[in-house]
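Visitor: Take a look at the letters that make up each chain.
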Amino acid sequence: MLRVMTAALAIGVAMAGSAFAEMHEVQMLNRGEAGAMVFEPDLLRIEPGDTVKFIATDPAHNAESILEMIPEGAEPFKGKINEEIEITFDAEGLYGIKCLPHYAMGMVMTLAVGEVSEAPQNYLEGRIPPRARKRFEAQLSNL
Amino acid sequence: MKKSINAEKVVTSRRNVLRGTALAGAAALTGGVAHASMMPRPVPSVPRMHRSSPVITVESASGEMAEAAPADLSGLERVRQELVDPPFAPEHEQVASGPPKIVEIEMVTHERLMTIDEDTGASIWALTYNGSVPGPLIIVHQDDYVELTLRNPVESAMEHNIDFHASTGALGGGGLTHIYPGEETVLRWKATKTGCFTYHCAPGGAMIPYHVCHGMNGAIMVLPRDGLKDAEGNPLRYDSIAYFGEQDYYLPRDENGDFKLYDTAGDDYTDSLEAMATLVPTHQVFNGAVGALTGANALKAQVGQTVLMVHNSCNVDSRPHLIGGHGNFVWETSFTDPPLTGVETWFVRGGCAAAAMYTFEQPGVYAYVNHNLIIAALKGATAHFVVEGPWDNDLMEQVVAPRPFEG
Numbered sequence: 001m002l003r004v005m006t007a008a009l010a011i012g013v014a015m016a017g018s019a020f021a022e023m024h025e026v027q028m029l030n031r032g033e034a035g036a037m038v039f040e041p042d043l044l045r046i047e048p049g050d051t052v053k054f055i056a057t058d059p060a061h062n063a064e065s066i067l068e069m070i071p072e073g074a075e076p077f078k079g080k081i082n083e084e085i086e087i088t089f090d091a092e093g094l095y096g097i098k099c100l101p102h103y104a105m106g107m108v109m110t111l112a113v114g115e116v117s118e119a120p121q122n123y124l125e126g127r128i129p130p131r132a133r134k135r136f137e138a139q140l141s142n143l
Numbered sequence: 001m002k003k004s005i006n007a008e009k010v011v012t013s014r015r016n017v018l019r020g021t022a023l024a025g026a027a028a029l030t031g032g033v034a035h036a037s038m039m040p041r042p043v044p045s046v047p048r049m050h051r052s053s054p055v056i057t058v059e060s061a062s063g064e065m066a067e068a069a070p071a072d073l074s075g076l077e078r079v080r081q082e083l084v085d086p087p088f089a090p091e092h093e094q095v096a097s098g099p100p101k102i103v104e105i106e107m108v109t110h111e112r113l114m115t116i117d118e119d120t121g122a123s124i125w126a127l128t129y130n131g132s133v134p135g136p137l138i139i140v141h142q143d144d145y146v147e148l149t150l151r152n153p154v155e156s157a158m159e160h161n162i163d164f165h166a167s168t169g170a171l172g173g174g175g176l177t178h179i180y181p182g183e184e185t186v187l188r189w190k191a192t193k194t195g196c197f198t199y200h201c202a203p204g205g206a207m208i209p210y211h212v213c214h215g216m217n218g219a220i221m222v223l224p225r226d227g228l229k230d231a232e233g234n235p236l237r238y239d240s241i242a243y244f245g246e247q248d249y250y251l252p253r254d255e256n257g258d259f260k261l262y263d264t265a266g267d268d269y270t271d272s273l274e275a276m277a278t279l280v281p282t283h284q285v286f287n288g289a290v291g292a293l294t295g296a297n298a299l300k301a302q303v304g305q306t307v308l309m310v311h312n313s314c315n316v317d318s319r320p321h322l323i324g325g326h327g328n329f330v331w332e333t334s335f336t337d338p339p340l341t342g343v344e345t346w347f348v349r350g351g352c353a354a355a356a357m358y359t360f361e362q363p364g365v366y367a368y369v370n371h372n373l374i375i376a377a378l379k380g381a382t383a384h385f386v387v388e389g390p391w392d393n394d395l396m397e398q399v400v401a402p403r404p405f406e407g
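The listed protein sequences correspond, in order, to chains A and B.
Per full-length UniProt numbering, the very first residue in the first sequence carries number 1; after that it's consecutive.
Per full-length UniProt numbering, the very first residue in the second sequence carries number 1; after that it's consecutive.
If you're looking for bench data, these hints aren't it; they were derived computationally from the structure.
Ideal Cβ placement from N, Cα and C applies to all residues, glycine included.
A few of these clues could be false.
Where chain A lies over chain B, by a calculated footprint (3+ residues, C-beta under 8 Å) [stated by the list, open to error]: (1) 198 to 206; (2) 263 to 270; (3) 338 to 349.
Residues from chain A that keep clear of chain B, each with C-beta distances beyond 10 Å, as calculated [stated by the list, open to error]: (4) 32; (5) 41; (6) 48; (7) 64; (8) 83; (9) 90; (10) 91; (11) 92; (12) 100; (13) 121; (14) 138; (15) 141; (16) 142; (17) 143.
Far from chain B, by Cβ distances over 12 Å, these chain A residues were calculated [claimed, not checked]: (18) 45; (19) 58; (20) 102.
With these hints in hand, go ahead and build the complete structure from the sequences.
Guide: Printed below as a string of structure tokens:
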């Protein structure tokens, strides 16, 4: 189960769900250490029940899950442009996340929830722009 | 008719020169971007891609499409139209011979650094169809089928697509042509409406004006099968076509007011959105750059020749005027409606292309301008025709040359 919540609700649920649930922050940037158009960090491991806040540090970005790159049973999510969203991730597994307008420029990140150590076999078999694929491959190699 | 009024392909070569000088200047200013000057100007030939592409999911109306009956294309001849750089027109017939055809064209979405004003070094990572601003002019006849192969080179930074205003359905084809770098797609549509129409990239949201204001637009002319006619139905023919693309650019400036330079296509995205939101272009030019069609690059013609001026303006309204001449016949929208005649200044709606026909009667220089003269003189929207032939004193004569007078 995966939920989009207001900050207050997110914290409330996180507190209620687990004493150890944490809040993580991911910045959406025009330029970062890895180059142009990045999520920072672009590889993040969290525990089930943790919440990730996507911060619109630079304008004109969004965060959304990529079709067929989320665990079975997990719900897709889609932030609006310039929207800071907080998502609580309950389903274990890998999540591929993109910025829609900058997907072709490679603005993607990998979120690992729980103990997952490698990608499902068909994880990168979809229609992925070359720059995004390259970054996904780098991210997955660091799992 | 073939080609355009300008016998020499000077624009391309001039742009080479512009690019070289301005980039050298830009590099000197910043001490960086040296690699930018190595960007090739000529449109590279893109080999056919043989990779096995995943099936592209049609995002709009997919259910209806799956259930639709196949189009009956039996008996239709296939012809290939070789597109050429502006201001030229591809080889074409003014009156269609035979029944409707399938006209195959190819366009490649090149992202390239272009100098748009050599005086200031202002440059932009232009997003283009086939490497030029505007994109190439396409010419077909009513009821022809346009079959476009659109390719996005793997080295591109961005996703591209195409919306043909002349077409019907799927956001003008935009909904069926989204391609990532390294992908190609083929779209076929029937040209049911006559006239000049704009086409442009429309990837979605703020990316739409971003791509359009980086040059990604052009025109298609859909001629009546029996050619152009006046209000009485008499045929109207031209000797050549001059193809103008009016382009508004919104270049970001740095804290000193200088135009900013960027390392790669797409780097200016956030700054560009801010500059575009002012609605005040920093440049508004014909055919990609200030002076692209003036001076040594002026269009050429002879007295007695008839030119069809096709003017595309994807984003901004324009009011073209031929200084020293007129629009003898003007089609602001459809060729099906009778043309306006004897027009002083005509109108090109933003998001539209228009055609004006004129037969030169005097030699000399004619300026083709956006007759908002601030835009013409200060923003760049000026082109020149240089016309040769005999002068007609009946039409005009300098009775007294300038001289001092007393009293």
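Visitor: Does each hint hold? Answer for all of them.
Guide: Okay, the hints, checked on the actual structure:
| no. | hint | result |
| --- | --- | --- |
| 1 | 198 to 206 | holds (count 4) |
| 2 | 263 to 270 | holds (count 5) |
| 3 | 338 to 349 | violated (count 0) |
| 4 | 32 | holds (13 Å) |
| 5 | 41 | holds (21 Å) |
| 6 | 48 | holds (31 Å) |
| 7 | 64 | holds (13 Å) |
| 8 | 83 | holds (13 Å) |
| 9 | 90 | holds (28 Å) |
| 10 | 91 | holds (24 Å) |
| 11 | 92 | holds (27 Å) |
| 12 | 100 | violated (8 Å) |
| 13 | 121 | holds (15 Å) |
| 14 | 138 | holds (17 Å) |
| 15 | 141 | holds (21 Å) |
| 16 | 142 | holds (24 Å) |
| 17 | 143 | holds (24 Å) |
| 18 | 45 | holds (28 Å) |
| 19 | 58 | violated (6 Å) |
| 20 | 102 | violated (8 Å) |
The earlier numbered hints that this structure contradicts are 3, 12, 19 and 20.
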